[in-house]
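*Asks:* Chains as they are written, first to last, in my numbering: chain A, 132 to 551; chain B, 8 to 131.
Just so you know, these hints were derived from the structure itself, not from any lab. Only a predicted model underlies this, so the values are computations on that prediction, with no experimental measurement involved. Beta carbons: idealized from backbone N, C-alpha and C, even for Gly. Honestly, I wouldn't trust all of these hints.
[Claimed, not checked] Cβ-to-Cβ under 7 Å is the rule here; a few derived chain B residues that face chain A:
(1) Asp100
(2) Pro122
(3) Leu123
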Amino acid sequence: MTETALTQLARQESGRVLALLARRFGDLDLADEAVQDALVDAARTWPERGVPDNPAAWLHTVARRKALDRLRRAASAQRRLEAGRWAVDDEPSTDRGGAELVVEEGTVEDERLRLLLLCCHPALDPAAQVALTLRLVGGLTTTEIASAFLVPEATLAQRIVRAKRKIRDAGIPLSIPARLDERVDVVLGVLYLIANEGYLSRGGDAGPVRVDLTDEATRLTEVLATLVPEHAEVDGLLALVLFHRARLDSRLDPAGELVLLDDQDRSRWDRATIERANAVLHRALVRMTPGPFQVQALIASHHANARTAADTDWAAIEGLYRQLGAMTASPVVALNHAVAVAMADGPQAGLTALDALEVGHGAAGLGGYHLFHAARGELLLRAGQPVHAGDAFTRARSLTSNPAEQRHLDRRISACDTST
Amino acid sequence: MEYMILIHSDETAMAAGAPAPGTTEFEQMMGQWIAYNQRLIDGGHWIDGGMLQSTATATTLRKTGPAAPAVTDGPFAETKEQLGGYYLITAADLDEALELATGVPMPFGSIEVRPLAMPRTIVG
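Given these sequences and hints, build the entire structure.
*Replies:* Dropping the structure here:
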């Protein structure tokens with residue numbers, strides 16, 4: 132088994148195994164350490180002795196043994212300390228080892244849901260929720276997550292350690308809460324953050340070890356959709372990330388520069404993924420329980436299914452953004468709505484909508500947001516005011532740290548200069 | 008596990024909006040607190056609880072070493088919301104503690120939930 136294949140397996144299976152062990156031993160940290168130990172063993176022994184027939188069951192059995200070893204070591208240290216007796220129960224009789232993974236798939240899925248809910252517990256810091264979810268459910272390494280979010284590895288490791296400590300000390304349980312819906316909303320928020328980061332940060336100076344956060348978010352949302360099959364918003368988010376996934380490759384040109392939606396080569400969009408997203412979105416909409424992720428997926432579907440940029444139904448998109456604005460009261464959504472107004476009714480109408488927005492939400496909210504000024508710049512340029520447009524792009528340029536966005540804005544500033 | 012529920016609110020606003028004893032509003036408000044206390048007792052969660060007098064009655068000792076502490080009038084920190092009451096409860100886990108804390112009949116304010124570092128011995 133190659134190293135990549137082993138990584139793949141770790142991503143797919145370690146979350147399940149960890150969920151089972153965390154539940155069984157009632158100790159998240161122990162389960163995590165044990166799974167890491169088992170993966171190290173796999174990396175060492177599989178290349179020599181070959182890959183076991185059922186790698187997932189192997190991983191589970193070895194990780195369980197590692198956890199028991201760790202408990203025994205801790206217990207004997209404790210014994211030496213107290214000179215008392217504190218034995219660890221040996222394998223309980225109900226234990227069926229790796230068979231658990233195969234036979235009781237339902238239980239495994241329950242444990243995975245518990246683990247996902249635990250990682251996204253509202254009592255944890257949002258940044259820690261994201262890191263824990265990718266680390267424990269997604270099976271990513273601390274190094275991978277740190278480089279994906281462009282934070283120092285030590286910072287991220289610290290974040291995870293602190294979150295695990297809070298889980299243990301504050302008594303955050305591995306349980307499925309009575310009000311599952313509210314908690315699923317938090318999980319959706321975390322997965323959306325991961326997907327968004329993957330989508331927006333593509334232009335960054337991604338190193339070779341950088342994992343694709345969009346792929347991870349898609350995978351984790353698929354997991355959530357199997358765990359909570361009746362939830363329309365879960366399917367809404369899944370459809371949304373699939374639509375984004377389908378268009379991802381055309382967002383950058385061969386030189387790594389951002390390509391705007393209008394200019395993207397639609398023949399490079401992944402039709403199969405768009406069809407899947409359409410089906411998932413349909414499945415969500417027939418449940419008749421609307422929500423912001425479904426509306427966003429609908430907007431994405433209008434873009435993804437338009438054969439050309441000119442075919443885009445901007446009037447419909449404008450209406451959807453208005454709906455979304457009513458659901459979320461987000462200034463960013465209001466900004467997108469103003470852009471849709473411009474596309475449907477012309478740049479002047481869009482500028483009026485933008486100006487109303489600045490008053491409505493206060494300059495403090497959107498004034499520091501580079502996309503607000505970038506959108507203003509585009510509309511001013513189209514309204515025949517290149518000088519003002521140039522100012523707006525310059526303002527936007529000063530507010531973003533993403534290199535691809537900076538280069539894109541530089542090109543827009545030059546475009547304004549040549550129009551004057 | 009044992010958790011401390013620390014109830015913070017703007018005591019000036021609370022005092023201004025509080026109904027006078029003897030009115031039906033006052034009875035209603037007290038009824039809610041008594042019912043909440045009973046809920047904690049009936050559920051086996053109750054250890055202790057109480058309401059504090061306003062921070063105007065607070066005295067702070069500042070200890071800086073072996074010397075006698077400096078005594079000052081007032082709470083240790085001026086904040087927008089002040090500690091006004093507490094409950095000490097037992098709960099299975101944080102989720103149960105948060106659920107119980109949600110029931111505290113405070114219309115406004117912040118309720119901090121913190122686990123005790125070491126389990127106390129419950130007498131009685």
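*Asks:* Against each hint, give a clear statement of whether it holds in the structure.
*Replies:* Comparing the hints with the structure gives:
1. Given the 7 Å rule on beta carbons, the hint for B:Asp100 holds: about 4 Å separates it from the nearest Cβ of chain A.
2. Against a cut-off of 7 Å between C-beta atoms, the interface hint on B:Pro122 holds, since the closest Cβ of chain A lies about 5 Å away.
3. The closest approach between the C-beta of B:Leu123 and any C-beta of chain A is roughly 10 Å, which is over the 7 Å cut-off, so the hint fails.
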